[in-house]
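**Q** Here the sequence shown stands for residues 1 to 202, numbered as in the numbering used here.
None of these hints come from the bench; they were simulated from the model. Heads up, some of the hints might be wrong.
As the list claims (entries may be wrong) - Listed next, the in silico DMTMM-like pairs over lysine to aspartate or glutamate satisfying Cα-Cα at most 25 Å (straight line): (1) LYS190 <-> GLU121; (2) LYS190 <-> ASP133; (3) LYS190 <-> GLU172; (4) LYS136 <-> GLU121; (5) LYS136 <-> GLU195; (6) LYS136 <-> GLU159; (7) LYS190 <-> GLU159; (8) LYS136 <-> GLU172.
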Amino acid sequence: MSLPAIAFASLVVLIILLHLLQRRAIRELSRSLERQARIIETLAARAVPPASGTSGRIARAPQSGTAALERRRDPQQPAIVERKTPAPMAAMQERHTPTGSARLVDDVKRPPTTRHARPGEWNPTHRITFAPDNGKPQTWLVAIVPAPYGYRVAVTHAEWAADVTPAWHCGEDGAWRCHGQRTPDGARGKVSIDEFTGSHPV
Numbered sequence: 001m002s003l004p005a006i007a008f009a010s011l012v013v014l015i016i017l018l019h020l021l022q023r024r025a026i027r028e029l030s031r032s033l034e035r036q037a038r039i040i041e042t043l044a045a046r047a048v049p050p051a052s053g054t055s056g057r058i059a060r061a062p063q064s065g066t067a068a069l070e071r072r073r074d075p076q077q078p079a080i081v082e083r084k085t086p087a088p089m090a091a092m093q094e095r096h097t098p099t100g101s102a103r104l105v106d107d108v109k110r111p112p113t114t115r116h117a118r119p120g121e122w123n124p125t126h127r128i129t130f131a132p133d134n135g136k137p138q139t140w141l142v143a144i145v146p147a148p149y150g151y152r153v154a155v156t157h158a159e160w161a162a163d164v165t166p167a168w169h170c171g172e173d174g175a176w177r178c179h180g181q182r183t184p185d186g187a188r189g190k191v192s193i194d195e196f197t198g199s200h201p202v
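Working from the sequences, and respecting the hints, build out all of it.
**A** Laid out in structure tokens, this is it:
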């Protein structure tokens, strides 16, 4: 056998071996991909949470009407009945303390009528000024004193002499009001208050 014939035969054998090895590698790769796909499907199925309300439990078959009635009569499983009894009005009023916007609405509707502690001597401490949008400013020389329920009142000399409920009062929100309104008679304008340090002859 000549040398070229031997070389050709060796080349043919080598090509056949390479083809077989390639087919085997393709089969191994296909099997590996299938295994990875099954693993991914299993992990995905485990990661999906159960439907809302099932808690992972198997749904039970519906029971017949007689069986459900007998189970309801079981003394070991008494029915729980929630009774909603309204609280007494007095208790509700004691527990309720108006704050925020509720306090503002309550202040507008009801100015403080509880009598304040009348000072023995009237000494002005502040000056309240209302500057209306149209008109002349109004000024009240007042003595600010504490009142019940966290209020403060601004007493003019005339109110102190007559021993009447002051018109100006300040609630827990820190806003001054005249007869329950933000401004005198609800007029448009700005209310300011500043400390009075001078002397005022009475």
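**Q** Each of the hints needs a verdict: does it hold here or not?
**A** So, going through the hints one by one against the coordinates:
{"no.": "1", "hint": "LYS190 <-> GLU121", "in the structure": "violated, 30 Å"}
{"no.": "2", "hint": "LYS190 <-> ASP133", "in the structure": "holds, 8 Å"}
{"no.": "3", "hint": "LYS190 <-> GLU172", "in the structure": "holds, 20 Å"}
{"no.": "4", "hint": "LYS136 <-> GLU121", "in the structure": "violated, 31 Å"}
{"no.": "5", "hint": "LYS136 <-> GLU195", "in the structure": "holds, 21 Å"}
{"no.": "6", "hint": "LYS136 <-> GLU159", "in the structure": "holds, 23 Å"}
{"no.": "7", "hint": "LYS190 <-> GLU159", "in the structure": "holds, 23 Å"}
{"no.": "8", "hint": "LYS136 <-> GLU172", "in the structure": "violated, 30 Å"}
Of the hints listed earlier, those the structure fails to meet are numbers 1, 4 and 8, in rising order.
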